[in-house]
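Can you make the complete structure from the sequences, with help from the hints?
Here the working numbering = 1-based position in the sequence shown + 626.
A few of these clues could be false.
Computed list of lysine-lysine pairs in BS3-like fashion (alpha-carbon distance at most 27 Å, straight line) [unchecked claim]:
#1 Lys636 to Lys742
#2 Lys756 to Lys742
#3 Lys797 to Lys756
#4 Lys742 to Lys674
#5 Lys740 to Lys671
Beta-carbon label-pair distances, calculated as ranges [stated by the list, open to error]:
#6 Phe750 to Trp664: 13 to 23 Å
#7 Ile637 to Met800: 44 to 54 Å
#8 Lys742 to Ser788: 35 to 45 Å
#9 Glu790 to Tyr768: 37 to 47 Å
#10 Asp707 to Ile802: 38 to 48 Å
#11 Glu790 to Lys742: 37 to 47 Å
#12 Asn801 to Pro723: 45 to 55 Å
#13 His776 to Pro804: 23 to 33 Å
#14 Trp664 to Gly713: 12 to 22 Å
#15 Cys691 to Ser788: 21 to 31 Å
#16 Val697 to Gly806: 32 to 42 Å
Since the hints were made in silico from the structure, they are not lab data.
The C-beta atom is built at its ideal place from N, Cα and C for all residues, glycine as well.
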Amino acid sequence: MIDRFLGKQKIFFSFDSVDDDSRNNYPLDFLNSITPNWLPPHELKVKKNCPIILLHNLDPHNGLCNGTRLVVRGFQNNSIDAEIVNGQHAGKRVFIPRIPMSPSEDLTLIFKFKRKQFPIRLSFAMTINKAQGQTIPNVGIYLPEPVFSHGQLYVALSRGVSHESTWVLAKRNMNIDPAGKSTKNIVYTDVLKL
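Next up, the structure:
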């Protein structure tokens with residue numbers, strides 16, 4: 627997707643290491659390949675005007691919270707110049723630094739992993755949970771499978787500012803709707819009882 631943006635691409639490589647583990651030597655290629663959802667990739671590619679999402683709270687009072695959407699306006703070796711595009715700080719220019727990140731309790735790793743990188747990912751799409759609480763001018767909802775939890779469909783559909791700027795692409799399910807114009811919604815009626 628990033629290839630569709632005009633301009634020069636910049637690649638930022640992370641600095642990966644293992645803390646407190648002198649007994650085991652992990653190959654750097656292996657460490658670089660670790661990319662759980664909460665971490666930025668080892669090889670972060672950006673261009674001016676590409677959309678990004680912040681992965682960590684940097685400065686909540688100034689709008690730099692986990693989930694904040696931004697647009698890259700420029701970059702240097704140790705900072706990214708970006709503009710906040712959502713919330714009360716929309717339009718504000720900020721600088722995002724490289725920071726050290728490590729999981730607090732990631733049970734999938736048997737060692738304490740640390741990555742120094744910009745705490746961002748490219749953000750051409752986001753999960754329904756990440757979109758919660760945001761207002762988005764143009765919304766495309768992709769449902770290859772029906773939602774699986776109470777309230778998810780409502781959250782997804784209510785992110786847009788109008789029904790004219792909200793589109794849904796759902797996988798056709800002959801059991802639910804042979805015409806292919808609806809999807810399954812999950813509603814826990816016990817939650818709705820007073």
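These are the hints, each one checked on the structure:
| no. | hint | in the structure |
| --- | --- | --- |
| 1 | Lys636 to Lys742 | 17 Å, holds |
| 2 | Lys756 to Lys742 | 23 Å, holds |
| 3 | Lys797 to Lys756 | 22 Å, holds |
| 4 | Lys742 to Lys674 | 22 Å, holds |
| 5 | Lys740 to Lys671 | 20 Å, holds |
| 6 | Phe750 to Trp664: 13 to 23 Å | 19 Å, holds |
| 7 | Ile637 to Met800: 44 to 54 Å | 45 Å, holds |
| 8 | Lys742 to Ser788: 35 to 45 Å | 42 Å, holds |
| 9 | Glu790 to Tyr768: 37 to 47 Å | 19 Å, violated |
| 10 | Asp707 to Ile802: 38 to 48 Å | 47 Å, holds |
| 11 | Glu790 to Lys742: 37 to 47 Å | 44 Å, holds |
| 12 | Asn801 to Pro723: 45 to 55 Å | 51 Å, holds |
| 13 | His776 to Pro804: 23 to 33 Å | 26 Å, holds |
| 14 | Trp664 to Gly713: 12 to 22 Å | 21 Å, holds |
| 15 | Cys691 to Ser788: 21 to 31 Å | 26 Å, holds |
| 16 | Val697 to Gly806: 32 to 42 Å | 35 Å, holds |
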